[in-house]
Structures are given as C-alpha cells and as structure tokens.
Amino acid sequence: MLKTLKRIFGSSSQKEIRKYNKLLKQINDLESRFVDCNKELFSEETLRFKERFQDGATLDDLLPEAFALVREAAKQAIGLRHFDAQIIGGIVLHQGNIAEMRTGEGKTLVATLPAYLNSLTGDSVHIVTVNDYLARRDPQWMGPVYDLLGMSVGILQNNSAYIFQNEAKENNKGFEFIRSVERKEAYQCDIVYGTNSEFGFDYLRDNMVVNLDDRVQGELSYAVIDEVDNILIDEARTPLIISGPSEDTGSEYKRYSRLVKGLINGEDFQIDDKHQSVSLSLEGVRKVENLMGVDNLYDPDNSKGVHFVENALRATAVFEKDKKYVVKDGQIVIVDEFTGRLMPGRRYSDGLHQALEAKENLNIQRETITYATITLQNFFRMYSKLSGMTGTAVTESEEFWKIYKLDVIEIPTNLPMIREDHNDFIFKSQKIKYDAVVKEVIDCQKKGQPVLIGTTEIAQSELVSKLLTNKKISHQVLNAKEVEKEAGIIAQAGRPGAVTVATNMAGRGTDIILGGNPDDLKITSQEWNRLHQQVIQAGGLHIIGTQRHEARRIDNQLRGRAGRQGDPGSSRFFVALDDDLMKRFGGDKIKAVMDWVGMEEDAPIEHGTIGKQIERAQIRVEGFHFDLRKHLVEYDDVINTHREVIYKEKNSLLEGENFKSNVLVMVDEEVRNIVGRYDLSKNSDIPETLKSEIHSIIPFNDFEEIEKRGDESFADRLIGKIMEYFEFQYNNLEGIITDDTLRSIERQLILRIVDTQWVQHLTSMENLRTGIGLQAYGQRDPLVMYKREGHSMFQSLMDRIRYQVTRTVFYIADGSKNQISPENSFNKRKTSSQGQKYYNNGNNDKDTKVLSAVGSNNRKLGRNEPCYCNSGKKYKKCHGAL
Numbered sequence: 006m007l008k009t010l011k012r013i014f015g016s017s018s019q020k021e022i023r024k025y026n027k028l029l030k031q032i033n034d035l036e037s038r039f040v041d042c043n044k045e046l047f048s049e050e051t052l053r054f055k056e057r058f059q060d061g062a063t064l065d066d067l068l069p070e071a072f073a074l075v076r077e078a079a080k081q082a083i084g085l086r087h088f089d090a091q092i093i094g095g096i097v098l099h100q101g102n103i104a105e106m107r108t109g110e111g112k113t114l115v116a117t118l119p120a121y122l123n124s125l126t127g128d129s130v131h132i133v134t135v136n137d138y139l140a141r142r143d144p145q146w147m148g149p150v151y152d153l154l155g156m157s158v159g160i161l162q163n164n165s166a167y168i169f170q171n172e173a174k175e176n177n178k179g180f181e182f183i184r185s186v187e188r189k190e191a192y193q194c195d196i197v198y199g200t201n202s203e204f205g206f207d208y209l210r211d212n213m214v215v216n217l218d219d220r221v222q223g224e225l226s227y228a229v230i231d232e233v234d235n236i237l238i239d240e241a242r243t244p245l246i247i248s249g250p251s252e253d254t255g256s257e258y259k260r261y262s263r264l265v266k267g268l269i270n271g272e273d274f275q276i277d278d279k280h281q282s283v284s285l286s287l288e289g290v291r292k293v294e295n296l297m298g299v300d301n302l303y304d305p306d307n308s309k310g311v312h313f314v315e316n317a318l319r320a321t322a323v324f325e326k327d328k329k330y331v332v333k334d335g336q337i338v339i340v341d342e343f344t345g346r347l348m349p350g351r352r353y354s355d356g357l358h359q360a361l362e363a364k365e366n367l368n369i370q371r372e373t374i375t376y377a378t379i380t381l382q383n384f385f386r387m388y389s390k391l392s393g394m395t396g397t398a399v400t401e402s403e404e405f406w407k408i409y410k411l412d413v414i415e416i417p418t419n420l421p422m423i424r425e426d427h428n429d430f431i432f433k434s435q436k437i438k439y440d441a442v443v444k445e446v447i448d449c450q451k452k453g454q455p456v457l458i459g460t461t462e463i464a465q466s467e468l469v470s471k472l473l474t475n476k477k478i479s480h481q482v483l484n485a486k487e488v489e490k491e492a493g494i495i496a497q498a499g500r501p502g503a504v505t506v507a508t509n510m511a512g513r514g515t516d517i518i519l520g521g522n523p524d525d526l527k528i529t530s531q532e533w534n535r536l537h538q539q540v541i542q543a544g545g546l547h548i549i550g551t552q553r554h555e556a557r558r559i560d561n562q563l564r565g566r567a568g569r570q571g572d573p574g575s576s577r578f579f580v581a582l583d584d585d586l587m588k589r590f591g592g593d594k595i596k597a598v599m600d601w602v603g604m605e606e607d608a609p610i611e612h613g614t615i616g617k618q619i620e621r622a623q624i625r626v627e628g629f630h631f632d633l634r635k636h637l638v639e640y641d642d643v644i645n646t647h648r649e650v651i652y653k654e655k656n657s658l659l660e661g662e663n664f665k666s667n668v669l670v671m672v673d674e675e676v677r678n679i680v681g682r683y684d685l686s687k688n689s690d691i692p693e694t695l696k697s698e699i700h701s702i703i704p705f706n707d708f709e710e711i712e713k714r715g716d717e718s719f720a721d722r723l724i725g726k727i728m729e730y731f732e733f734q735y736n737n738l739e740g741i742i743t744d745d746t747l748r749s750i751e752r753q754l755i756l757r758i759v760d761t762q763w764v765q766h767l768t769s770m771e772n773l774r775t776g777i778g779l780q781a782y783g784q785r786d787p788l789v790m791y792k793r794e795g796h797s798m799f800q801s802l803m804d805r806i807r808y809q810v811t812r813t814v815f816y817i818a819d820g821s822k823n824q825i826s827p828e829n830s831f832n833k834r835k836t837s838s839q840g841q842k843y844y845n846n847g848n849n850d851k852d853t854k855v856l857s858a859v860g861s862n863n864r865k866l867g868r869n870e871p872c873y874c875n876s877g878k879k880y881k882k883c884h885g886a887l
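Residue numbers for the sequence shown, in this note's numbering: 6 to 887.
I should point out that these hints are in silico values taken from the structure, not numbers from a laboratory.
Cβ atoms here follow ideal geometry from the backbone N, Cα and C, with glycine treated the same way.
Each hint can be trusted.
No more than 25 angstroms apart at the CA atoms, straight line, and that leaves these computed lysine-lysine pairs for BS3-like:
id	residue 1	residue 2
1	K333	K471
2	K452	K471
3	K696	K726
Label pairs and their calculated CB-CB ranges:
id	residue 1	residue 2	range
4	S479	E224	49 to 59 angstroms
5	D632	D300	35 to 45 angstroms
6	V214	N534	51 to 61 angstroms
7	I478	D583	18 to 28 angstroms
8	F708	I741	19 to 29 angstroms
9	M422	G350	32 to 42 angstroms
Construct the entire structure; sequences and hints are all you get.
Pasting the structure below:
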C-alpha cells in the first residue's frame, strides 16, 4: 500500500527536488554569463559577492550566481562540470540537509558549491572526511577550483597542517601543491578539510589553553560532512577524549590476566554477546576469591580487584584478536567494527586497554585521567549549520532527524541505475559458503568479470585470501592492515578479471572505474577503452558479500561499489546459518527446515522471503544500536550543560574581561555561606572557627567593632563590614601592583583552579555514569538519577571553585602578604598578624581544624553527626558540604 501511494504521489525527497527545479533553471540560465571569465574576473566576482552579503543580501539571494560561477570555475580548473543532479545536491547541502547520492555521483565535486557560497560570509567552512588520506586528497583535487575563485584552502592532518598552493610542490608523493603551515593558519583559510577527530580534538584542546593566542580553531559556523553516516552514526558511540596517565598498575593487570585463565566459560562466567560483557557465576566468584585470597570478593575493600577481574575476563573472553583489535608494532590497535579500519592512537577506557595489553604480553601503558571529553553528537550540534552527504542515509533518517535535526533527501542519479541485485544464497555452514564464494569467483574470472569480495572483519578477509591462494587465484587484499595502499588497490579493482578482497568499506571515497584507473595504469585512451568495453561485456563489476552486516546501510554501501554512473554491475550476498547475525536471529529454525526437507549439504537456498527475514533482523539490531547511541547522547547532554558553563567562564577569562566583579561576587557568596552556618542571634562571643574561616579569605580582625551584637541584623552587618574591608584592601592592591597585573593574576589563578576542578568533575561524572545502572534495581530510572546526581555534583563543582578562588585570590595577589602599608589599611589600623599567621602556618594553628573533617579525638566524623564547629547543624549540611 505504501509503495503504491509513493508511486502515485511521489516520496518526500521527490517533492523536495521538484521545488529545486526552478532554482536549477536559474543556475543553468546563468551558465553562459561566466564562460569568458579569467582568473582576475573570478576573484572580482567573489569580492562582489562578499560586498553584496555585507550590504544585506542573503546567501539564498547569491546562490544562483555563486553556483553558476563555481560550475564554470570547475570546468576551467579541473575539466569537470557539475551535473544538474550535483547542483541539486549542492542546494540540499546549503539548506542544512543530508544529500543521499549514490557511489560515483561525484560528492567531492558537489561539496565545492555550498562550501564556496557559505565562505562568502567570512567564516571558515569545514569539510569533514573519514580519514587523513581523503582530507588531503580532496583539497588537492578541488584546490585549483577554489584557487581560481580566490578562496584559500586549509588541510588538517594528524600532527600537521597545510595550505593548498598551486605553485607549491613538496618532494613526497601525495603532498603535491600543498605547503606546511601552523595549524592556526590552516584554520584561517576560507575552506578547511580535515577528519572529524581532528576538528573535535582541536575544539577540546582550544578549551584547555591558558592564553587566547594559543587557540587555533575559530567559530564553528558551517560544516559539510562527507560519508555522514559513518561519522555521525558509526563513530558516534565513541566519544572524543583527551587524557593523561595515572598511577602505574601494570603488574596488577598481568596478575589478573593470569588469574582469569583458570576460569571456564559457561561454568565460572557467562558472556553477554549483545552487550559485550561478562558476569561471574556463584562458582566463579568462589573460585576468584580463592585465587585472590579474600573472603568476600564484593567487599568495598576489594573494589579494585573486582574491576581488574572484570576487565581481564572481557579482554580474554569477549575481545577477539584480529576482530576487535590487532597487535601492531607492539601495540594494541583497535579495529573499527563498522569499516574494518585500524584506529591508531585510540584506546579503550576504564582499564580495558591495559587488560588487552596484559593478555597479549605487551608493555602495559598507564591508565588515563580524562582532561576533556565530548561526544561527536554534541560537537557537531554546536555548528550554526550542519549538512552531510553519503550514498546510504535513508535507512537511518529517523536518527539523523531526532539527534541532529537533519532531513535526508535522496538525489536522483545522473544516469539510470542498471545494477542487478540478486537474492541471497543461504548455506548450512560457513565452510560450504566459502567454497561457494570461491566457485563464483572462478566463474567470473573465466569471462573476465572483475569481482569485489566484501568481508565484515580482518580475519574473514584473510580466510578468503587463503582459499583463493589455494586455488591459485591472483587477487589483492584490502583491509585495515593495508590502509596506506587501499586507494591504489581499490582504484584498479575494475580491471578485467581482477579479484579484490576488501574489509567492509575500506577504500571508501575512491571510485572503482570499469577497466581500471587509466592514470595509474599509464596506458593510452584507446587501450583503456578496449579494457572498459571488455568489462562491460562481461557484466561490469560483481559484488560478493560474504556475510550480512548488522546494519542494512553497510550492505548497501558494499552493493553501491558497482553500477556507478549507469555502468552495468551485479551483487549477491552469501550467508551461512552459523554466521553471527543468523545465529542471533533464527538461523537454527531455518536449518531445521533445510534438514526436514532433505536438502543437500552444499545446496543453497535462494528465496526472497528469507532475505526479508534477514532484513527484519537487521532492523532490530539497528534499533538496538540506535538506542545505544541515543542513550549515550542523553547522558552526554547532562555533562554538556556543565561543559557549556565551564567553557563560557573560561572564554570570558581568556578574552580579557574584567573579572574583578566576579571575584567580589564569589567572595560575597562565600562569606554569606560561612556566616550563615553560625547562629549569631545571641549576644555571645563570635566563634573562633568563624573568624578562622574569614581569615582564610581576608585578614579581617574587626569583629569586635561591630555594634549591637546579638540582634537579628547582626549577621548582615558583619557580612557588609567584611565585604567593605575586602573591597577596600583589594582596591589597595590595584594601586600597589597595577590594575593589569592584578587582572592577569585573577585570570591565571581562576583558570588553574577551574581546570583542576573540571578534570576532577569529569572523573566523578564518569564514575557516576558507570555505577548509575544499579539504580534500575531499585525501580528508578538511571537517567533521571544521573541527571539529579549530576546536577548536585555540578553545584559542588561550582562551590569548590568558589571556595578555592576566594581563599587564594587575595593572598596570591598580595604576594608576600605584607605589602599593604599601615597608612593604607582599613580605618588606619595595622592589619592583625593573626590572619597572616593562619595563612602562612595554618597547619600548626589550632584553628585549622575548620578545614578538617575530624573531631577532637581524631575520629573521622560521620555525615549525619553534629558538626565540630558547634553550629548545631549536621556535618554534611555544614563543613561537610565543602
């Protein structure tokens, strides 16, 4: 029914595209206007566009002319003209949507349209790619277009940065026409290319600097994300984290790695494949207790041991080598489960990475302390405008809208798609399946048809390679272990009879040209045309999937490698009932049916109904992963509000705002907090503990001078007197050490305190996040509890910042603490030495117990016991709140 309605009325994407036809006609009509432009005229047109924007024209007003100008610049600079479909793709991107464009439709060229238009505002446009290779290749390829238009192009790489220059030529291959620069200079370009992690980590690093000049990134104005599904969905489950080493616990990881080897799966522990976790049985707990030599594994004193045991078990039983990670150059390198790429530099958190190092007998690196972190979801949602392009996004359109408020619009292909997608072949076992794969490869080779074999993991690609080698079939292997060569290998996968084995979407971003890439083959155009026609006659590129992926989108990406730009092609997936996906969703039932009807062992099932069952299973898994990512962003939204407040405060400090008023507000709040903990309504002596606390902020000693002690307004008058004294002495400091010096001291001091407390807060929030799941056992929503506890912890963070700033700022600024002369002292009185003694020698002063949570007998006070200051309040509500 739904399909019938779509045929009659058209899909939402088709309706949107019909709206763009009028705009497309305007752009096409303007094409002739710019045909005679030379380099000077292109630059002049760009300047005119910028002036018009400054005078009030909108980017939508400029769009038709700007797009027509870019189209002509591309024709002249690199010999490529934007197709109408590419122009529509550019409009979709400019309007802040996701353009779904099939493989080979020229997404790299499409990005030049919205990038140029949006850079006319004066803000940099960020073009985000999936790896460093594409972040360097794409601007080198499109650089001449931007250069002709008078636009500068920056390139971000891991630990380096470049600017495109037509006349620059580096010695190394792959670095032609780019010049090495400082990162800040690259960010100042009109268009900047880089990976999502480079942009994200630069944002975090910028918010860790102590000098404004050290910042590099600038405003997050507009981003075009290439392979948007990979970046905003596949990688969104892994937050960006800047961290540092903590205490050395390497020997403990080795000890527990040896300890868990004696535990038996199914008897001592169970594995939860869905959540990638393990849990000890009662027998396993007893066995671990014996091995550790403890009476109760879950005694609080053994919490570290439990952590080591759990990580060692996960490393040993759940995380398989060459599937979840590889060992390379003595390091554990994580494998991206979606793309099969290696992710050097990434580390599992919470001790898991160290457990894997112990498992593989490698040198164990120290655990890490988090200094800054953000999820990709919250990073990219900070851009004023966001857009993306990919070949496969429609299946994830719900997530794109709910998380990022991005619509997915399907762009029609430039030429009709004629690829033939066959029903799956389903076999009883993986052995029979792989034998059938090899047989199909042999059949394709006989007729000169190139084959691309897609696998879901490195171990699979190596198994397929071994089987092909046994049959003496020449082939190329493209997996995460060969990332440096992947673009060259994939570019030649369309040669007649070529066989290429690729892990998932390794080589993404590089087209497979039927007949091979003529530039790399170094052959004449006539010879290439002969090879091209030979492959077309053989049926084009044939795709073989060795296993269905958990996400339909990844399967569609593999299929999409064939049939580009109207080329012929075909695809088929080979599925075994003991594949991971099939085992989890009904493979046993299908096997029972195959046995019941007496099917031969090597005979495949080819039926559309089973294919639909597999697709339904994939939809369930996609829903599960969507919930995980949604869960992650819901939790990060909590800490994101904290991050926004802290980073805003740091920005104010770095940008040189006068923080004196903020200091006075913090001191006033802290003095009120101190005085408010004491009952001063009675006509009695002021507690020495109160005096000591005030002394920790300012050497105020005129307590006895305040009249009418004991009435209800006494506390307010005391606060007013203290603040009057503080402001007077603080103003004196400005005259002694100059206003600018005092502002600098305030800025550096508060930055240091904020940074230190923020790191501690991140660690506390991570610990809260880890343990909050236990709330579910009490029939309470863990997210609600996390928000509530997180809010309380953030208030504590702000209190700690205020506490440290107020107790440091005056004495740090005062320097030697004796620079205030008697002539300038409040009421012409000499400052009492008691306050100085307290600050300098507080550890020896009897009043320092105010900062200690112990009673007179050195017993640590309980949170619900009366506070030692005799305020009459519980310790947790009084000094325990500090």
